[in-house]
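Novice: Chains as they are written, first to last, in the numbering used here: chain A, 372 to 652; chain B, 372 to 652; chain C, 372 to 652.
If you're looking for bench data, these hints aren't it; they were derived computationally from the structure.
Any given hint might turn out to be false.
For identical chains, the list gives no copy identity; a pair is met inside one copy or between any two copies.
[As the list claims (entries may be wrong)] Calculated cross-link-like contacts (lysine-lysine; reagent style DSS-like; alpha-carbon spacing at most 27 Å): (1) K416 <-> K650; (2) K622 <-> K416; (3) K469 <-> K416; (4) K649 <-> K469; (5) K622 <-> K650.
Since we're looking at a predicted model, the values are computed, not measured.
Chain by chain, the residues run as shown.
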Amino acid sequence: MTPARFTLDSSTPSLWRVTFHNPPINLIDSVMIGELGELFADIEKNQGPAVLVFDSADPDYFLAHYDITAANRSLVDALPPGPSGFHPWIDLLVRLSKLPAVTISAIRGRARAAGSEFALATDIRFASRERAVLGQMEVGFGAVAGAGPTSWFPRLVGRGRAFEILLGGEDFGGALAERYGYVNRAIPDDEFENFVDRFARRVATFDRQALADIKQFVNNVSRPPDEEFPPQMDAFWQAVARPALQARATKAFEDGLQQRSDVELCLGEYVGQFGELKKKD
Amino acid sequence: MTPARFTLDSSTPSLWRVTFHNPPINLIDSVMIGELGELFADIEKNQGPAVLVFDSADPDYFLAHYDITAANRSLVDALPPGPSGFHPWIDLLVRLSKLPAVTISAIRGRARAAGSEFALATDIRFASRERAVLGQMEVGFGAVAGAGPTSWFPRLVGRGRAFEILLGGEDFGGALAERYGYVNRAIPDDEFENFVDRFARRVATFDRQALADIKQFVNNVSRPPDEEFPPQMDAFWQAVARPALQARATKAFEDGLQQRSDVELCLGEYVGQFGELKKKD
Amino acid sequence: MTPARFTLDSSTPSLWRVTFHNPPINLIDSVMIGELGELFADIEKNQGPAVLVFDSADPDYFLAHYDITAANRSLVDALPPGPSGFHPWIDLLVRLSKLPAVTISAIRGRARAAGSEFALATDIRFASRERAVLGQMEVGFGAVAGAGPTSWFPRLVGRGRAFEILLGGEDFGGALAERYGYVNRAIPDDEFENFVDRFARRVATFDRQALADIKQFVNNVSRPPDEEFPPQMDAFWQAVARPALQARATKAFEDGLQQRSDVELCLGEYVGQFGELKKKD
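All chains, full assembly: derive it from the sequences and hints.
Specialist: Right under this line is the structure:
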C-alpha cells in the first residue's frame, strides 16, 4: 500500500522513517490510524527495521491533535478492531509502545493532545528547541486526556509536573519540555535533523537481539499496564458528551480549529479564554 | 469559623487562597492542624473551590516546621481523630493529597521538615527562585522524616536525589529545588505572585469534572499507598524519644529554635554542627 | 587483609573511603569482586561506617568496566557463592544497595558498563563536571547490560532517557548526566573533592539509626526487587555467546580494549563504528 497520511522511507532496511503528511495541520484521523496499524502489524511480525523514526513534513505541526469531528469519530468506530480489543487509538498506542523496534519521535512543530500521546508512546522523544510545542490542552475543552498521559506523565516527569501539564493544559516549548523530562532533549533547530539522524543511524547498526532485550527489560518495569488505558478513554468520551464541551468545540471550530489558523498555532493559550472567573455576589 | 493560623480568601468561588499567618515563623501546631482539617472537611464534601492555593503572609517562612514542644505534642494528641484513623498530621496530609480540588503550594520563604511535607502532599509546587528554601533537616536532629518524604521523594526526584535530600538534611534554594524536581518551577521572585496567580486563575476556569478526572487518574498511579505513612511516623516518634535527640533539641531551643532567629533562618546549616567526626585513637 | 584492588581508609570510624586502584584502567575483576565482598560482609554486620565513599586513584577511570577476558570469567565463576545465591557480580551489587551505610560514588573519570552499574547501586552519585564520563556501551558490542541498569534507569531518569542511555550506548559527560538525573550533581572538578568531602563528613556526624531508617524506607519504595536482576544477567551471557559479539570483542582487544588506549578513553564513540548501515539493493 502507499499510505495517504505519511510517507514511509524504508530504503535502509534497519532504519525506517515515517514522515507525517496530512495537510493542513497533520490531524490524526481514521485513515492515519488505519495506516499506522497496518505498518505496525508488519513490524510486529519482526519484518521491520531496528529503528523507526517519526517526523513531520510540516515544520509547524508534528501531529496537531485528533480530528474531533463527528464524521471522523464514526470512521474510527468503523475501523476493524485491533488485536488488543481496545478503542483503535488506544490499541495503536499500546502496540506502538511494545513494537519490536526502537521508536523515536523527532518533534518539530506542535504535538498536542493525541499528538503528544503518540510521542509519549514512543521510546525516545527528541525535540527542536525552537520549534517544538507540546501540550495536553484537553482540559481546556473540559476533558481528561483519553489515551495514556495520566499514566505516562507521573512515571516520566513526576507527579508534580504531571499535574501541571495535565491540569494547566498549557503549551510547552522545547526547552521547558526538556527541563521537565517531557522530552529527552531539546536540540537547537539548525542541528536537529543531524542530531536525530546520527543517533538513529548509530542505533540501527546495533545487534537486533540486544535492542530487543533492552526494550523488553525496560518495558517490564516502565510500561503502564494495558488495563490503565480504557477507563481513561471512557472518561474522555463522557466528557465529549457534556454540553459545555460541545459548546466550546463549536466556538473553537468557528474560530479556526482544525484549520491553519492562529487558534491552532496558539491552542494552549486559546483554551484559557473559554471561561471567566466570577467573584461572589 | 475564622481561622487563627491562616486567612482564607474565598471571594472567588472557584479559587480559594489560604495564607498562612502564625507568627513568629509560621510553625505548624495543633491549632493549624485542626483548622486545616475543618477546611478540608468542607472541600471533601465538594463544597469548595476548583483550585486551592497555599501561600504565606511572611516572606521568610512558608511553613517553618512542626512545633516540637511537648505542649504542642499533647495538644495534637488531644485532637479528635481524623477520618483515616492515622496520627492527625498524617491524616491531614493524606486527605490533602486526595482533595477534590487542585492544590498549589506557592513557596516563598522556608518550608522545612513538616513544612516541606505539606508542600509534597499538594499537587503542584511553585517556588520563588530567590526566596524559597526547602529541606528535610530532621536527620540533623537524629530522626527520619515522619510524614511521607521517604515515600514521596523517590517517586518525585528519583532514588539518588531522594537519598541526598533526606540523608544530607541540607537547605535547597529555589533553583536547585527546581533542578532536582523537588518543586515544579522556580520563578524569579518579582514575577512569582503574578505567575502563580495567572496559573491558578486559568485552572480555576476549567471544567470541574475534567479536573477531578485528571486528579483521580494521576493519583491512581502516583500517590503512595496510605499504609506507607504510619510506620514512618512511628520511627519518627521513636527517634524523638532518644536522649541524643532530646539533647540536640534542648541546645537548639537555647540557640533560638522556634524563634525569629539566625538558627531558624539557616537551620539546614545549623544542624550540621551538632556532631563532630572523630579519628581513630 | 590488605586489598589489592583498592585502598581502604578507615581512620575515621564513621566515614570510610574506598579508593579504586587497579591499573592500568581500573577494570572490575574477580579479585576486586572478592575483596569488595569481604568488605561488605563486615559492614553488613554493622561493624562499618555510617558513610562509605567510593572514589578512584586514577583521574581518567573511576571503574572502566568489567574485565571481559575468558580468564577473568573463569575466576569469577570460581568465587564462593554470595549470600543471595546470584552471580557474584549481581550478588555484590544487590548487597551494595542494601548496605547499612550511606554509600556515595565520587565519579571522576570513566564509569562505563559494570562501572556505571556499580555507581547505580550506590545511594548517591556525585560527578566531576569536566572529568566524569558515564555510559552503558554494552549495546555497541551486542549485549543488554547484565546487572541492573534496565531496572535502575527507568526509575531514576524516566523511561525515555533510560531508553536513550541503554539503546544508544553513548558516553554521558558530567553536565548531561546531571541534566538526565543519571548523577545527583555535576560539580566543577576543582571543587569536586571538597564538595564530596564536606557532604560525606556532614552525613557521617548524623545519628546512625536515623540514617538507617531513611535508607530502609527509601529502599522499600525504590529498590528494584532482587528477582529482576538474574534474567538480565542470563540475557547478557547469551549475548556474550553470540559469534558477532565475540568478533567485535576480538577486534576491540586488537585495537586497545582493556589497555590505556584511545579505544578505552572514547569507548562510547568507538562502539558506534562496528557496524555499517546498508541501503536496499
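Novice: When the hints from earlier in the document are held up against this structure, which numbers fail?
Specialist: When the structure is compared with the hints, only number 2 turns out to be violated.
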